[in-house]
Amino acid sequence: MPGGDNGASIIGVGNTRYSRKADGSAELLAIEAVLAAAADAGIDPRQIDGIIPYPGHVGDDVIQAELGLSPRFRTTVDMGGCSAVSALRIASMAVMSGAARHVLLFRGLKGSSGARKADRPSFLPGQPFRRHLEHVYGINTPAQRYAVLCQRYKHEYGLDRRTLGEIAIAARAHANLNPGAQMYGRELTMEDYLAGRLIADPYTLFDCCLETDGASAVIVSARNDGRDIRILSVAEAQGNSPDDTSNREPFLEIGLTQAANDVWADLGVGPEDMDAAMIYDCFTFEVLHQIEEAGFARHGEAATLIADGGIRLGGKLPINTHGGMLSEAHQAGLNHVVEAVRQLRGECGARQVQNARLVAVTGWGQLGDGSFAVLGGKHV
Amino acid sequence: MFDFDQIPVPDLTDPNFAPFWEATRERKLKIQKCGDCGTHRWPPRVTCQSCRSTGLEWVEVVPRGTLYTHTTVGRATAKGFSNTPYTVGFVTLDEPSNVRVIGNVVDVEPSQLAIGMALEGRFVPAGPSGEMTLIHWAPPTT
Numbered sequence: 025m026p027g028g029d030n031g032a033s034i035i036g037v038g039n040t041r042y043s044r045k046a047d048g049s050a051e052l053l054a055i056e057a058v059l060a061a062a063a064d065a066g067i068d069p070r071q072i073d074g075i076i077p078y079p080g081h082v083g084d085d086v087i088q089a090e091l092g093l094s095p096r097f098r099t100t101v102d103m104g105g106c107s108a109v110s111a112l113r114i115a116s117m118a119v120m121s122g123a124a125r126h127v128l129l130f131r132g133l134k135g136s137s138g139a140r141k142a143d144r145p146s147f148l149p150g151q152p153f154r155r156h157l158e159h160v161y162g163i164n165t166p167a168q169r170y171a172v173l174c175q176r177y178k179h180e181y182g183l184d185r186r187t188l189g190e191i192a193i194a195a196r197a198h199a200n201l202n203p204g205a206q207m208y209g210r211e212l213t214m215e216d217y218l219a220g221r222l223i224a225d226p227y228t229l230f231d232c233c234l235e236t237d238g239a240s241a242v243i244v245s246a247r248n249d250g251r252d253i254r255i256l257s258v259a260e261a262q263g264n265s266p267d268d269t270s271n272r273e274p275f276l277e278i279g280l281t282q283a284a285n286d287v288w289a290d291l292g293v294g295p296e297d298m299d300a301a302m303i304y305d306c307f308t309f310e311v312l313h314q315i316e317e318a319g320f321a322r323h324g325e326a327a328t329l330i331a332d333g334g335i336r337l338g339g340k341l342p343i344n345t346h347g348g349m350l351s352e353a354h355q356a357g358l359n360h361v362v363e364a365v366r367q368l369r370g371e372c373g374a375r376q377v378q379n380a381r382l383v384a385v386t387g388w389g390q391l392g393d394g395s396f397a398v399l400g401g402k403h404v
Numbered sequence: 482m483f484d485f486d487q488i489p490v491p492d493l494t495d496p497n498f499a500p501f502w503e504a505t506r507e508r509k510l511k512i513q514k515c516g517d518c519g520t521h522r523w524p525p526r527v528t529c530q531s532c533r534s535t536g537l538e539w540v541e542v543v544p545r546g547t548l549y550t551h552t553t554v555g556r557a558t559a560k561g562f563s564n565t566p567y568t569v570g571f572v573t574l575d576e577p578s579n580v581r582v583i584g585n586v587v588d589v590e591p592s593q594l595a596i597g598m599a600l601e602g603r604f605v606p607a608g609p610s611g612e613m614t615l616i617h618w619a620p621p622t623t
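Chains as they are written, first to last, in our numbering: chain A, 25 to 404; chain B, 482 to 623.
Every clue listed holds true.
Below, in silico cross-link-like pairs of lysine-lysine (BS3-like), each with a Cα-Cα straight-line distance of 30 angstroms or less:
#	chain 1	residue 1	chain 2	residue 2
1	A	LYS141	A	LYS45
2	A	LYS402	A	LYS340
3	A	LYS141	A	LYS178
4	A	LYS141	B	LYS560
5	B	LYS511	B	LYS560
6	B	LYS560	A	LYS45
Calculated directly from the structure, the hints in this document are not laboratory data. Remember, it's a predicted structure, so these values are computed and weren't measured experimentally.
Based on the sequences and whatever the hints tell you, model everything.
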């Protein structure tokens with residue numbers, strides 16, 4: 025067993041159907057996911073005594089009121105897309121300290137049929153910088169803010185569009201083995217990828233993650249029974265400076281760089297020991313970027329891993345076996361945690377990674393905040 | 482190309498930015514310099530990251546530099562930017578070379594953009610009544 029086991033487990037996961045347009049309200053979606061996670065954990069929802077919502081999504085007050093919960097612990101993790109994995113850490117600390125026994129993490133949003141990203145409130149740090157330095161030059165979306173990272177990488181190391189294309193196509197191939205994925209049943213070819221319309225160069229349509237109507241939930245607990253999945257180690261860090269990418273140096277260094285180092289050091293295992301990785305795939309290049317920053321490949325060498333099926337099922341490091349945010353659903357990374365748990369339980373059917381024992385999960389948020397966890401199944 | 486009158490105007494009196502906006506109105510680029518150790522910094526902050534001093538000078542710099550990275554936007558999302566494509570770049574100043582500034586890159590076909598290309602700043606009024614002056618970057622004319 026690797027060292028560093030923090031003692032907390034994920035005992036339940038749940039999600040709704042993911043779609044472009046859900047009939048019910050966002051609140052109904054959230055409740056459905058929470059009830060599914062509680063049922064999966066085998067607990068009464070009223071046993072949930074800790075709760076960590078996500079800014080901008082259905083609030084914890086709604087869940088409390090609807091289900092009659094009286095949590096002893098609640099907090100918000102405001103790190104954008106890396107909040108899901110960062111919240112695993114906060115929830116672990118809560119259950120190990122006795123502040124709560126069962127902590128609920130959830131997402132619920134009509135992110136596709138409701139207001140789209142550019143029209144929703146922004147929770148990015150450094151709002152004056154956004155207004156004075158970016159909005160006046162037509163920069164106001166993640167695609168635009170992250171495209172400049174990809175462009176610079178391309179200059180420093182070289183990057184073929186087909187490498188980014190393979191990331192998108194591998195995600196879609198995995199989604200086509202996942203009947204719960206929003207893009208299930210919709211093939212994506214390299215020809216389709218290359219014909220995608222321009223979003224923010226070098227990003228075209230299929231480089232960008234989905235927007236989704238749906239909800240997901242995860243329950244972290246001090247319980248550690250046979251079916252429970254252990255949170256072996258989890259860490260977080262931010263880019264320097266966290267509120268500005270333009271003058272960051274090294275330009276491509278992100279929070280994950282430090283967070284992954286911390287987890288590898290804590291666990292005494294390395295990237296080569298992982299059976300799969302769930303990587304926060306807001307954009308194709310961010311998969312490649314995080315492969316390198318987490319240590320799965322050296323700088324400039326991720327393309328070699330990605331080529332020849334290396335990140336597909338059966339490859340050297342299967343990545344995002346659910347289809348990720350590119351092809352399963354946008355759940356701000358919580359679906360990556362859900363998938364890691366299902367892989368470690370052996371519940372993934374056609375997309376199961378054989379004998380999955382250790383799965384890494386990354387979070388990417390804001391302007392390069394990063395989080396990193398390694399989860400372990402009962403075989404560990 | 483740009484809907485200059487529709488570009489949202491930030492609070493030009495914000496003390497962290499006011500000297501910058503006052504300078505651009507006079508067609509000058511000013512950035513911050515630590516009043517104690519002399520380190521240049523951008524974007525504007527109240528503390529020097531090198532020496533922790535809150536002493537501060539605003540100094541004029543020559544608006545010339547090279548393209549550090551860029552993106553050409555094809556899907557319109559921002560007020561004042563309904564016409565696509567348009568390009569945004571991070572520009573490394575020639576002096577001081579530890580500072581990058583953000584701005585639209587103009588008069589370059591997207592296919593001709595090249596990291597490292599020389600650019601010079603142009604001052605362009607924007608906002609409903611031209612109350613702010615933005616800096617756009619273009620290949621040098623001299």
